[in-house]
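Colleague: Next come the chains, spelled out residue by residue.
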Amino acid sequence: MSPSTASTWTGHSLPPRIAYLATPHLPAAVERRERPRLAGKPLVVANDALHARAAVLDCSTEALDAGVQPGMALRRAEHLCPEAIFLPPRLDLYRTAAAALFELLSHQMPAVEQAQPGGLYLDLRGLEGKDAEALAICHGQCQAIQRQLRLEATAGVAVNKFSAEAASLSIGLNRVLVLTAGAERAFLDSFPVAVLPVSGEMQRRLQLLGLRGLGQLARLPPAAVLAQFGWEGQRAQRLARGEDDRPLAPGRGPRSEEASQQFDPPLDNLETLLAVAGRLTAALAQRLDAAWLRAGHLALKVHCADGGALTAERTLAEATADAGRLSRLAETLLRPLPYSDRVEALTILLGDLSAPSLHQLSLWHSPQEQAIEAHLRRLAARYGAGCFQRSAVVAPEHPLAQRRYVLLDWQAD
Amino acid sequence: MSEPGRKKRLEAAVQAIQGQWGAQALQKGARPRPDSAPVPSLSTGLAALDHILAIGGLPLGHISELIGQPTSGKRTLALHILAHVQERRPCLYIDLARTFDPAYAAACRVNLARLAIAAPASPGQALDLACDLATGGRFGLLLFDSTDELRQAPPPPAAAAAALRRLRQALLNQPTALLFLSLPSPTAGPGRSHSPPGFDLEQAAAVRLAVQRARWQRDGSRIAGYSAQVAVLRHRWAAPGQETTLHVTFNGVHLDGP
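Chains as they are written, first to last, in the numbering used here: chain V, 1 to 413; chain B, 1001 to 1258.
Keep in mind the hints are simulated off the structure, nothing from the lab.
Quick caveat: nothing in here was measured; it's all calculated off a predicted structure.
Heads up, a few of these hints could be off.
Calculated Cβ distances over 10 Å to all of chain V for the following chain B residues [as the list claims (entries may be wrong)]: (1) Ala1159; (2) Gln1169; (3) Ile1223; (4) Ala1238; (5) Gly1241.
To give an idea of the interface, some chain V residues facing chain B are shown, with a C-beta separation under 7 Å as derived from the structure [what the hints assert, rightly or not]: (6) Asn269; (7) Thr272; (8) Ser327; (9) Gln389; (10) Ser391; (11) Ala392; (12) Val393; (13) Arg404.
The beta-carbon is built from N, C-alpha and C at its ideal position, and this holds for glycine as well.
Turn these sequences into a full structure, and let the hints guide you.
Modeller: This is the structure in structure tokens:
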């Protein structure tokens, strides 16, 4: 199949200069490429399929149509799409495919930035006002990817990264969408706020305040957004208005961040070591968040007092800058290490850093949270419906303490 | 005396004691390995506090108590512990006192989206609820605020004692820590909590901590925070009496060790 369809969203006249080229659902696409007999069948790549808390890492469009979503519990995916073929992840294979994609485009384009595995920003400077040429170039790249890597791609062209990425995600495979300069805000208006790369807490507060679309957020007074959500909200509103001043940084960028802690006297308590690891990962996560990066790899090194060093590492199925998730992973790696003596130093390194991409936040809770909800529901039936509550801060700076938060029923949406 | 002679006499003395009282009477001490604490624990997130607790934090499967006057930093410390535990395990706040302030909890870095707050209608219901919540070990930390409220409509002493026994039984071997916040008794002397008759936390709690504001920290004429002294009043697996100082600063509510 060749890239056959293209469309142009017309606004007024400034030229596109950044393209976002992506191979959607890279893990599923790679699995299908490696096993052609899977063509046309619903495919689910499960993260750690043997584990009780296994989740969907990625899935094909056929599985998506059946209601399966990345991040969903595997058990639920099996229920929704019993005819799907469930595969264990082959992360090395996916990384190799992403690296090959980067290499291919690096040879053909003057400047390429890897946003995430399978997603690349291309610098189209010099094509000011030449939408047709930008379209042709992106078509050419999609064809080259299909020919050489046997993967299907999609591309969006706009004046900034966020709009380009949104454009690429709004169309199907083998299509290119060129967003004319000045039309970004109108184009983004109908997108849900869930695509914004912001924290889960901010997403929750947006939902709580009834802000469902980017258009709603964009229309609010900037001062009110800043007062309500702080700098993160201000950044999100600028994205919703189609304003994204992140420059294109060719190459894979600074691809690791490191933090370490010395212990004097050496430490002999694992729980304290885990607490320190939690702090280090929190500090690293904060650094990543400030730089708009996500980590795809975590490695740690423990220096013992007897001179020995223990190392452990893990590649994440999905890049993250979530302090809690990184902390839990560090704990998982630290607990089983065979400590030969007390610990003198701990170093944590986050690698495979990439920029956050547009995402649909998972709406599904973990099995543990589901069990808790069920338990609380049973207890609420016994002790009364209003017995369990949760709270949310809605106006942290409000002079009246009782206006700063709301108390909600635990089961309220 | 020469070194070999001293060693020989020591061995003979050890053998004599073991011969009379059994092999378990006298054993060689060993440095505890990081994973060989006498009881699993839940780190408080404060290295200084974990250090004085000797087992690495609050004991799982047991009751702990935190005693302090109002404004001593008791609730701030509890919220910080809760915020830290929340990073790994779900937590629940039993708000019998109806004093839970989400804005303050958020300033203490508590993730409100993942915190369930129980608002029991009466002290008796609060104890039953704590018992039900402890069963199953779904929560990492249950924070009970506070025992002073149990005095508002105190259950009969026998019922209070039975509730406490049930609580201990429900917690047994569960990966859950139950932390009671208490006021010190105005009459019974320092270190005694103000709980209803029969509800003898002083005996039931495996770990009891007392927090006391030591001094205000000033930034010019402005009060920027305060230092709080935390002391271990009772510890089932280590010697009590350990103390540490924590510093609370009001700018966003930060809590640090010494």
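Colleague: Indicate, hint by hint, whether the structure satisfies it.
Modeller: Structure-based check of each hint:
Under the 10 Å C-beta cut-off, the non-interface status given to Ala1159 of chain B relative to chain V holds; the minimum distance is some 18 Å. Listed as a non-interface residue, Gln1169 of chain B keeps its Cβ farther than 10 Å from every Cβ of chain V; the least gap is roughly 18 Å. With a least beta-carbon separation of about 19 Å from chain V, Ile1223 of chain B lies farther than 10 Å from that chain, consistent with its non-interface assignment. Against chain V, the non-interface label of Ala1238 of chain B holds: every CB pair exceeds 10 Å, the least being about 12 Å.
Every CB of chain V is more than 10 Å from the CB of Gly1241 of chain B (nearest about 19 Å), matching its label as outside the interface. Proximity of Asn269 of chain V to chain B holds as hinted, the smallest CB-CB distance being about 5 Å (cut-off 7 Å). With 7 Å as the threshold, the beta carbon of Thr272 of chain V comes within range of chain B, its nearest partner Cβ sitting at about 5 Å, so the hint holds. Taking 7 Å as the C-beta contact cut-off toward chain B, the hint placing Ser327 of chain V at the interface holds, the least distance being around 6 Å.
Given the 7 Å rule on beta carbons, the hint for Gln389 of chain V holds: about 5 Å separates it from the nearest Cβ of chain B. Hint status for Ser391 of chain V relative to chain B: holds, with the closest Cβ pair at about 4 Å, below 7 Å. The beta carbon of Ala392 of chain V is positioned within 7 Å of a beta carbon in chain B (closest approach about 6 Å), and the interface hint is therefore held. With its C-beta approaching chain B no nearer than about 5 Å, Val393 of chain V sits inside the 7 Å limit, and its interface hint holds.
Because the closest C-beta pair between Arg404 of chain V and chain B is about 4 Å apart, less than 7 Å, the hint holds.
Of the numbered hints stated above, none is contradicted by the structure.
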